[in-house]
Amino acid sequence: MRFAYYAAVAALSIMAQPALASSSMGIEHVDSESSFEQVTGQLSSALEDKGLMLVASIDHAKNAANNELSLPATTTFIFGNPNVGTPMMQCNGSVALDLPQKMVVRETDDGVRIEWNDPHYLAERHRLEACDLPLDNVANVLRDVAESAAQ
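In my numbering, the protein residues as written are 132 to 282.
Heads up, some of the hints might be wrong.
Claimed, not checked - Here are the in silico distance ranges between beta carbons for each label pair: (1) R274 to N223: 20 to 30 angstroms; (2) N212 to M156: 36 to 46 angstroms; (3) P213 to R274: 15 to 25 angstroms; (4) E246 to T217: 23 to 33 angstroms; (5) N268 to L200: 32 to 42 angstroms; (6) P265 to S201: 38 to 48 angstroms; (7) D240 to G172: 18 to 28 angstroms; (8) R256 to S166: 25 to 35 angstroms; (9) T217 to G172: 22 to 32 angstroms.
Just so you know, these hints were derived from the structure itself, not from any lab.
Beta carbons are placed, not taken as given, at the ideal position from N, Cα and C, and that holds for glycine.
Input sequences plus hints: build the corresponding full structure.
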């Protein structure tokens with residue numbers, strides 16, 4: 132009986148892993164019950180509080196409307212810290228495709244969602260494993276920023 136239980140648990144965990152891995156694709160997210168405007172304002176403040184430089188923000192819904200297309204409120208914030216991003220690019224220049232870091236704030240049927248790339252995923256994608264990079268710290272800062280914005 133004990134063997135059957137452990138075999139079932141092992142089988143279920145093996146079957147579940149690909150679905151979990153493929154569903155996130157390196158994208159982290161936090162949901163908010165606050166308004167879109169409140170979340171975008173709080174995100175700007177959270178970035179500033181963490182010393183991250185806002186490079187640009189792109190209002191995708193406005194751009195869509197300018198072309199007579201419809202899109203729920205969606206804004207991409209592009210930001211970074213050269214002291215963190217530069218060593219990543221020194222390790223492998225292709226990571227510049229994904230830097231500066233971005234966060235997307237968008238309205239969904241369930242509320243407002245904030246999404247960003249997991250820095251560990253970027254390290255894997257760009258083969259940064261051989262470099263000594265503060266990926267856990269970066270991941271924690273990004274999550275802190277998103278959680279502050281989502282309040």
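Cβ-Cβ distance between R274 and N223: within 20 to 30 angstroms? holds (24 angstroms)
Per the hint of 32 to 42 angstroms, is the separation of the Cβ atoms of N268 and L200 within bounds? holds (39 angstroms)
Cβ-Cβ distance between E246 and T217: within 23 to 33 angstroms? The hint (23 to 33 angstroms, Cβ to Cβ) holds, given that E246 and T217 are roughly 24 angstroms apart.
Do R256 and S166 keep their Cβ atoms within the hinted range of 25 to 35 angstroms? For R256 and S166 the Cβ distance comes to about 33 angstroms; the hint holds.
I want to verify a distance hint. Is the separation of the beta carbons of P213 and R274 within 15 to 25 angstroms? Holds - the Cβ-Cβ distance for P213 and R274, about 21 angstroms, lies within 15 to 25 angstroms.
A range of 22 to 32 angstroms was offered for this pair. Does it hold for the Cβ distance of T217 and G172? holds (29 angstroms)
Using the C-beta atoms of P265 and S201, is the stated range 38 to 48 angstroms upheld? At 41 angstroms between Cβs, range holds.
Does the Cβ-Cβ separation between N212 and M156 fall within 36 to 46 angstroms? violated (24 angstroms)
Could you check the hint for me, namely that D240 and G172 are 18 to 28 angstroms apart, CB to CB? This hint holds: roughly 22 angstroms between Cβ atoms.
In this structure, only the earlier hint numbered 2 is contradicted, and the remaining ones agree with it.
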